[in-house]
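Visitor: Whenever a hint applies, use it, and build me the whole structure from the sequences.
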Amino acid sequence: MQETGVTSRPPLQSEVIEVEDSPEGVHAEVLAREWGDGLPVVPPTAERVWRMIEASGRAADEVIGTVGPMQGVATVEKIAVNAIMAGCRPAYMPVLIAAVRGLQEPRFNVDAVQGTTNPCTVALLINGPMRHTLGVNCGRDCLGPGSQANATIGRAMRLILLNIGGAKDELMDKAIHGFPGKYTCCFGEDEEHSPWEPLHVERGFAPQQSTVTIFALSGTLNVLTATCVHIRDMLVLMADAMNHMGSNNILLGRGEPGMLMTSGHADLAARQGMSKLDVKRFLYEHSAFPKSRLSKDLVRQQRIKPVIKDGMVHVARRPEDIMLVVAGGPEPYHAVFLPTFGDSWMVTTEIV
Amino acid sequence: VALVTERFEDLAHSVARARGKNNFPIVVWPANVEELSEAELRALADRTFDDLVSRLTKLA
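Residue numbers (this note's numbering), protein chains in the order written: chain A, 39 to 390; chain B, 8 to 67.
Rather than coming from a laboratory, the hints here were simulated on the basis of the structure. These numbers come from a predicted model, not from an experiment. Fair warning: there could be bad hints in the mix.
As the list claims (entries may be wrong) - Among chain B residues calculated to face chain A with C-beta under 7 Å, some are:
1. D17
2. L18
3. A19
4. V22
Said to hold, decoys possible - No more than 25 Å apart at the CA atoms, straight line, and that leaves these computed lysine to any residue pairs for SDA-like:
5. K212(A) <-> L63(B)
6. K212(A) <-> K28(B)
7. K206(A) <-> S44(B)
8. K212(A) <-> S44(B)
9. K343(A) <-> A38(B)
10. K206(A) <-> E13(B)
11. K28(B) <-> E240(A)
12. K212(A) <-> T265(A)
13. K212(A) <-> E16(B)
14. K212(A) <-> A23(B)
15. K343(A) <-> V11(B)
16. K212(A) <-> V8(B)
17. K206(A) <-> R14(B)
18. K206(A) <-> A50(B)
A virtual CB, placed ideally from N, CA and C, is assigned to each residue, including glycine.
Guide: Right, here's the structure in full:
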């Protein structure tokens, strides 16, 4: 149904349907059509879709890319529809467009990320000035609820993966369990309180550029460091969390496992003269374990390709492959290990 | 020809169709060959090899 104010715009390509004018009616229709993630959605009316498209500064029919495994075509209009359903503000559109551009990179391997038995999701990390413009939570509870930007940008990506990518049932999404991050996972880096260069600068962007980094996150593992006094001991605990033998990063010897530490941890490390790379090297060396632990009774040797150097199994190919990000509340009380899918490499795209 | 394990057969067919390859040749392999005896594994390998050759020949 067309609404007042949209008649001068060209017709949208999406199917227009009429539903009962109530939240319950919309929810039931979306569930029946398998368009959602199970949660209620904001109805993507033509007016709302146009507001979202216009905020992107792009044509409705501009193709940003395709999304696997079903190779659905991600036009600006289709991205807008999913963004509205997720509860996004129009200002978030450039982030989603940049993230969908990131999905086009073969090294991200979105078909495998979507179809694997691993629980992984497409997580989004936002860097640069746009974090403040959009209100992205980089601090306390940044992986938790409360921020519209974190909650809805991450959810919009999931709806894009479901509705455009087609990974919406057990035929296309083989995850054995999945994990709650598949509903939404988006946060920012606490750049202002970090003594080190942020992730996007590490990856070749200028500090004043805004970027979104997508990575195939398999879960989160909390590391209690509040019992420690010295940063070295805190880092030992973090390293210990990284080397569980059942992780894809260990067994496949691939991917970029992450460590989310607080500005408190980072300050303590910097005061000891440690650079970001020094911390990565410390984690790399202290998370390694003897090759003998990978017995043939424990793992099928022909299915794994661990990184083994001098008889030690490492969590990544090299220290630089560990994704180290400063975020969360400032106290050095908890860190979070971020295991990843392994058969996927993070992609950072500028938000324009 | 794509070689996939049995649990991914339906996904492989769907992905092939999504890429416009409706009759893409797919050969299916059990997920847990390690549990087979040597004789069973040899028989499986012979069957699979014949299947692969057959499908590759059809392509030619």
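Visitor: With reference to the structure, classify each hint as holding or not holding.
Guide: Structure-based check of all given hints:
For D17(B), the interface hint holds, the least distance from its beta-carbon to any beta-carbon of chain A being 5 Å, beneath 7 Å. The restraint placing L18(B) at the interface with chain A holds, with a minimum CB-CB distance near 5 Å, inside the 7 Å limit. Among the interface hints, the one on A19(B) is violated; its C-beta lies about 9 Å from the nearest C-beta in chain A, farther than the 7 Å criterion. Interface restraint check: V22(B) against chain A, minimum CB-CB distance 5 Å, threshold 7 Å, status holds.
The suggested pairing of K212(A) with L63(B) is violated, with an alpha-carbon distance near 28 Å, which exceeds 25 Å. Among the hinted pairs, K212(A) with K28(B) is consistent with the structure: their alpha-carbon atoms are about 22 Å apart, no more than 25 Å. Between K206(A) and S44(B) the CA atoms are separated by roughly 38 Å; this puts the pair beyond 25 Å, and the hint is violated. Proximity of K212(A) to S44(B) is assessed by CA-CA distance (about 28 Å); at most 25 Å being required, the pair is judged violated.
For a cut-off of 25 Å, the pair hint linking K343(A) to A38(B) stands: about 18 Å separates their Cα positions. Of the pairs offered as hints, the one joining K206(A) and E13(B) holds, with about 20 Å between alpha carbons and a cut-off of 25 Å not exceeded. For a cut-off of 25 Å, the pair hint linking K28(B) to E240(A) is broken: about 40 Å separates their Cα positions. For the suggested pair K212(A) and T265(A), the alpha carbons sit about 39 Å apart, so the restraint of at most 25 Å is broken.
As the CA atoms of K212(A) and E16(B) are separated by approximately 11 Å, the hinted pair is consistent with the 25 Å bound. Between K212(A) and A23(B) the CA atoms are separated by roughly 17 Å; this keeps the pair inside 25 Å, and the hint holds. Restraint check for K343(A) and V11(B): the C-alpha separation of about 19 Å stays at or below 25 Å, so the hint holds. Of the supplied pair hints, the one linking K212(A) and V8(B) holds, its CA atoms being roughly 22 Å apart against a limit of 25 Å.
Distance hint between K206(A) and R14(B) is fulfilled; the C-alpha atoms sit about 17 Å from each other, no more than 25 Å. At roughly 37 Å between alpha-carbon atoms, K206(A) and A50(B) are farther apart than 25 Å, so this suggested pair is violated.
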